[in-house]
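One line per chain: the protein sequences are A and B, in this order.
Heads up, the first sequence is in this note's numbering, so the first residue is 1 and it goes up one at a time.
Heads up, the second sequence is in this note's numbering, so the first residue is 1 and it goes up one at a time.
To be clear, the hints were calculated from the coordinates, so they are not data collected in a lab.
This structure is a prediction, so every number in the text was calculated from the model and none was measured.
It is possible that part of the hints are untrue.
When the alpha-carbon atoms are kept at most 25 Å apart in a straight line, the in silico DSS-like pairs for lysine-lysine are as follows [what the hints assert, rightly or not]: (1) A:Lys2 / B:Lys2; (2) B:Lys2 / A:Lys332; (3) A:Lys2 / B:Lys339; (4) B:Lys332 / A:Lys2; (5) A:Lys339 / B:Lys2.
Protein chains: 2
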Amino acid sequence: MKGVVRIGVLGAGQLGRMLALAARPLGIGVVAIDPAEDAPAATVAEVWRGAYDDPALLARLEVAAEAVTFEFENVPPAALERLAQRRPVWPSPGALAEGRDRLREKALFERVGIPVPRHRAVRDRADLDRAVVELGGRAVVKTRYGGFDGRGQAVLDGPVDAATWDALSSSPLLAEAFVPFRRELSLVVARGADGALAFYPLVENLHQQGVLRLTLAPAPDVPSAVEADVRAAVTRLLEHLGYVGVLALELFDTGTGWLANEMAPRVHNSGHWSIEGAETSQFENHLRAGLGWPLGSAAPRGVSAMLNLLGEMPEHAALLRVPGTHLHHYEKAARPARKLGHLTLTAPDAPTLAQRLRAVAEVVPSLREAAHHGARRLDTRSLVR
Amino acid sequence: MKGVVRIGVLGAGQLGRMLALAARPLGIGVVAIDPAEDAPAATVAEVWRGAYDDPALLARLEVAAEAVTFEFENVPPAALERLAQRRPVWPSPGALAEGRDRLREKALFERVGIPVPRHRAVRDRADLDRAVVELGGRAVVKTRYGGFDGRGQAVLDGPVDAATWDALSSSPLLAEAFVPFRRELSLVVARGADGALAFYPLVENLHQQGVLRLTLAPAPDVPSAVEADVRAAVTRLLEHLGYVGVLALELFDTGTGWLANEMAPRVHNSGHWSIEGAETSQFENHLRAGLGWPLGSAAPRGVSAMLNLLGEMPEHAALLRVPGTHLHHYEKAARPARKLGHLTLTAPDAPTLAQRLRAVAEVVPSLREAAHHGARRLDTRSLVR
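Full structure from sequences and hints, please.
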């Protein structure tokens, strides 16, 4: 944890690990709290094993760290609020609270002029069935709190069945109109303590079973007016929240406009490409923001594709044979569908990137579908913007 | 030290630290041996404190690591030879031995057709005085073994004085003709276990008091015939040695040709720019070579300048305000002239890089001279190659 400056991180998963790897060269020491036995950050940071709200660990963290951040949004709010009384916490617990309830998040988005799908709060089963009709006959029902990687939601085309209702209704729900989107995009941005903004380009994401598989950075074929419109909307959001650090906004490109899906008040899987693909990574910028240092440029370096490695790690030699490959191994135990690492392919231009994606598809069967999808998207991109 | 593969490193200074930082994302665990109390690699690797030839530590290392490398060439040969009987050691102890004696190194260079300055072995003081005359009246006297960062050498314009002779003559010496070079260049190259080569571009170096201050990558104005000639010569050297891993060759550009100065059988300070400035860093390629994995491209990404941070670390906020700045803090205790970190500036083109060097000169007084030197070199480069 030695370092010129020392920070605390709640969570020592792969995001905490990549934060720590970005911190070290800046002379930043990292101490993290995580309940897991075998946390991925443990080889690059000092990790204290325990609950996020363990009072003894929090008391130690207040002493050890000059500022505190977190790697995921479901840390106990009371723990963050306690820390925030003694140390700067970034982003602020208040900003985090705004996004924790998906209904409140949508109200916030509407307040700052970020377009969202039509939606309804759901109090009971009859309420949900009515909402599906009112929202056009097809809706997504989601838990208002928690849930990630596609968990805690279901698509309904009519009255909810008993099994789905039972699975979800233990927590408060909301229903959203189903958006027949053309593609999913996301925006990752860093806001400094001085209000400076570093926008990464809009990226295109492919999810399968609710889990991110592929990110293309920058997203092909984003009209500059759309990029500017999203940036302006997110700027209003960040300023409203007095936000400091990295934030990600997931959105739907409907073909005729865009709608926000949700935000993540932290470094984000769809920003991992920035380690090699941007002038400054999202991890470094998150740290620079939190410590009051100037942000680095978020401009892309060439074009990149990020592929998540789920369930099993491919063989190093096969993978690294593909030009432009950058491997990120999280050193986690393998379990079906678990995020074990990611791969970033960099290239000077889209045709070369498509070629490299096809080469990856050849050598890693589990990436075939996502890599081919990415290659096709690059092939069919319009050359005029 | 956890990792899919575990390697051992003799030495846990900044080179070992940067090797470990490159190793982690590849799922490579690192254990290092170092006698220092406060080794820079200790926060990112498992560091065992002790002598490089401590038999107990070496015995543990043979068990813990699947392959072993080293961060500097003055490790005790017997320690490496012992390890090499049980584990792959890269580069091989034999290759290391060839470069340990500067006289033997020059004979090796001549054998493979690498041009070197005229030189003589020195047996006694009269021998040295004769050599200076024979070498044209100006010579560099150097210890045959050890010595780095300008230590263990002196420039003579006539008979040696008693103080210089006393300071150097406790170890065997050689004398070299003084080369009135136009500039210093170096070549960093990785050779894979399969014999594949990844050449970084020739870079231009500025030394002061024998210590590297600045590297410009790629070196401005290198005719492609010279680059090809140096590469061909180094290829003969690597093949002769059956070399595996990264090697650096320092050379003099005499204006009419080039002469080799010395080689370093390891990752090299003049290759640090490659972390951000090349497709694959020298550290990653050294690891990939040693583990038998395919090498990554060594092609530059834009243009870069590396500045060593000596004696004191500049303030983060001032430094990071300069666009394209990438800070590498080694977390070492400050001492006058000690290498405490380095800075890599990246830019899309030479004029932008020159501008950024001048911006660094403004905010970091201790870098002013080296940064201005670099900026002027970029200004006056010929635009035709």
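These are the hints, each one checked on the structure:
1. A:Lys2 / B:Lys2: The hint holds at about 20 Å.
2. B:Lys2 / A:Lys332: holds, 10 Å
3. A:Lys2 / B:Lys339: Cα-Cα ~18 Å, so holds.
4. B:Lys332 / A:Lys2: Between Lys332 (chain B) and Lys2 (chain A) the Cα gap is close to 10 Å, so the pair holds against 25 Å.
5. A:Lys339 / B:Lys2: holds, 18 Å
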